[in-house]
Amino acid sequence: MSSTIHVPGSAVQRPRATARRIWASSRHLVPVVSLLVLIFVLFSVTNPYFLSAGNLTILLTSSTGLWVIAIGMTAVMVSGAVDLSVGALVAFLAILFAKLLDAGVAGGLALVLTILAGALIGGGVNGLLIGRLQLSFLLVTMASLTAFTGFVNLWSETKSIPVSSPVTDTIAFGHVLGVNTSILIMAAVLLVGLFVQKWTYFGRDVYAVGGNAIAARLAGISATRTTVAVFAISGAMAAVAAVVGIGRSSAASPTVDNSVPLQAIACVLLGGASIAGGSGGVGGTALGVLFLSTLGNGLSLSGISSYWQGVVTGVILVGAVLLNRISDRGLSRPFRRANPPSTGAAPDAP
Amino acid sequence: MTTRSRLPQSSKIAATTGLVLLAISACGGSSGSGSGSTSVSGSSTASPSAGSSTVEWTAAPAGYVEAGGVQLPSQYPAPSKNPAAGCKIGYISPTNAIPGIMAEVQGIKNTAEKYGCTVVLKDGQLNPQSQVTGMQSLLSEGVAAIILNPLVVGALAAPIQQANAQKVPVITVDSPASPDGQNVAGTASDILQSRDVTAYAAAKAIADTKPGAKVGLLYPAFPAGNLQYQVERFQYWAQKLGLTVAGRGDVANDTPEAGSQATNALLQKNRDIQAIMAYNDTAAAAAIAAARTLGRDDVVATGINGEQGVVGLVQQGRVLMTWAYDNVRMGEEEGKAAIAASVGDTIPTKVTAPGAIIDQANVASYKPQG
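Taken in sequence, the protein lines are chains A and B. Counting the first sequence from 1 gives a position; this note's numbering is that position plus 6. Counting the second sequence from 1 gives a position; this note's numbering is that position plus 456.
Think of the hints as simulated: they come from the structure by calculation, not from any bench. Computed from a predicted model, the values in this text were never measured in an experiment. Cβ atoms here follow ideal geometry from the backbone N, Cα and C, with glycine treated the same way. Accuracy of the hints is not assured; some may be wrong.
[What the hints assert, rightly or not] Listed below are several chain A residues computed to face chain B (Cβ distance under 8 Å; list not exhaustive):
(1) G60
(2) I64
(3) S311
Taking the hints into account, I'd like the entire structure generated from these sequences.
If you want it as structure tokens, here you go:
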């Protein structure tokens, strides 16, 4: 009679442990993935136009701006803050880009300078005030939202600026190996985000600061530098979104879309992040953006009144966040307060 | 161990670079904006092939018959007497941060200065409550008349009554937008932004370029009664001029993304649509972007407002035309109406603001006001 001897770390146990690790790190994505698959199947079955190549391309390209901004917002939210000024910064940087082109700066250089400016403004204004002076991120980013909006109106005289540049045209409508450039930008931003999040010390620092800033400081992590850096990333992403937006509309608009930061926050939360910081990740955020974009696209194609679209989107968002909560804490106690507070260990943290 | 990092050295470099950036962009100077020539002339429908026509401002393009057969004047009579010295004219904007508003305010100031008055501007901040507060504030400041560009007319019923009680005349802008609609109770006059005229001009531009084409309409599915009326008139004039209205796309909010999404839905369901009639230039540009992404370079659009941002698309022929408002002149007429009503003159209850068709033929000579 043979018997099996349990040997920890044996070849039989290792795949199970790996599977458990993968499940633990991606469990928070189950609600958003499930909902995404559900609506995708639903719209595919009910609408003959949904799966057409043209529609799927539009679905992705029209969400490029939100995608890029939401990935920047992920860094900010994982660090435990929120950037409410990002919509105004997009408008400001769009005007800056157009003015640089007007000044005779080449399109490529103008793009680089605009991204640099976004990083400098985001990090230098919001980042320093919040990270260095320890001011409330809500107050600071609301104040900078107001200030950027005023500055945009002053600078642009509330006039949009026509932009005709091969760079913006290529970004919005160009193709590389048959793939739309906007989609490639989305992929590149996601991959870089994943790399920074998983494989760099900075990525770990962001989770540490968001999870417990005091513990992070005690561990020798500079919370100030990390905060400045995440707001710089958010600013740089705002610049990319600004240029993408210019490409699609052939003009730099001074109009500030105040719904942008809220949509980005919704996507980050849908992706499994906590409003308290220390959790979430760019992978989840990307799924959140895909979910919101697919929902909007499908409802629009289905001919549902936009008033109802708003209602349906709101209800589904609440449902998604609730599912997240249930997935996180179990069906029996989804509303119980987390105790003790999160240590900051992100489900998909490195 | 607590780590308190000093301000990084790189911050100083960053600040310097930022200043250099701003300096470079500031050197670009004007982006081509400025006041356009505003001489009002007869009707104009420039030929799209001419290429060098000039912009002509008109209240009614050739061939246009106003809704309900109503013939409206395009200007107010000059005030019969001067107002009291140091009089103040109040203006409440929907928000100061939209193109054209400051040009309109400049027009009001032009007239006010001519009659020894000053203008008090209140920013509505896209908030009906701010407009109510603005009205009350203007009344407490003792203005002689109020020009009101309302967000939600119903929300202003009480302050309008209050103005009536203080014998302060109220002039509305584009509320209601219809030439045959009844003016808001308690208001002296309404200056229309020629929504019906613009709808005619847009439909005619498409009918001339693509006779019998199938068109899609972009509808503002957000609170903007005048723009919704605009789309109703698009439908009317499109059918009247032999076009087929294939469908309507609801634009959830006034952003390029929402315009793009609505256009996509329209073009997916109606693949033979050849033109999109948009309620403003932002929506027109979004429609073109969506069509281009779908590989539909043949789809054209029409816009409204004559915004600087759409000029390039008009030059390329992707946007067939936009209707530009002469905002300075409209403001001057509003100023005349306000002063005339404040001195007790009887003024027309409705006046149509002039505008101009901007197309490929005359866009080179067009200078947007905002």
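Hint check results:
1. G60: holds (4 Å)
2. I64: The hint holds - I64/A has a Cβ within 8 Å of chain B, the shortest such distance being about 4 Å.
3. S311: Holds, because the Cβ-Cβ distance from S311/A to chain B comes to roughly 6 Å (cut-off 8 Å).
Figure legend: structure checked against the earlier numbered hints; every hint is met.
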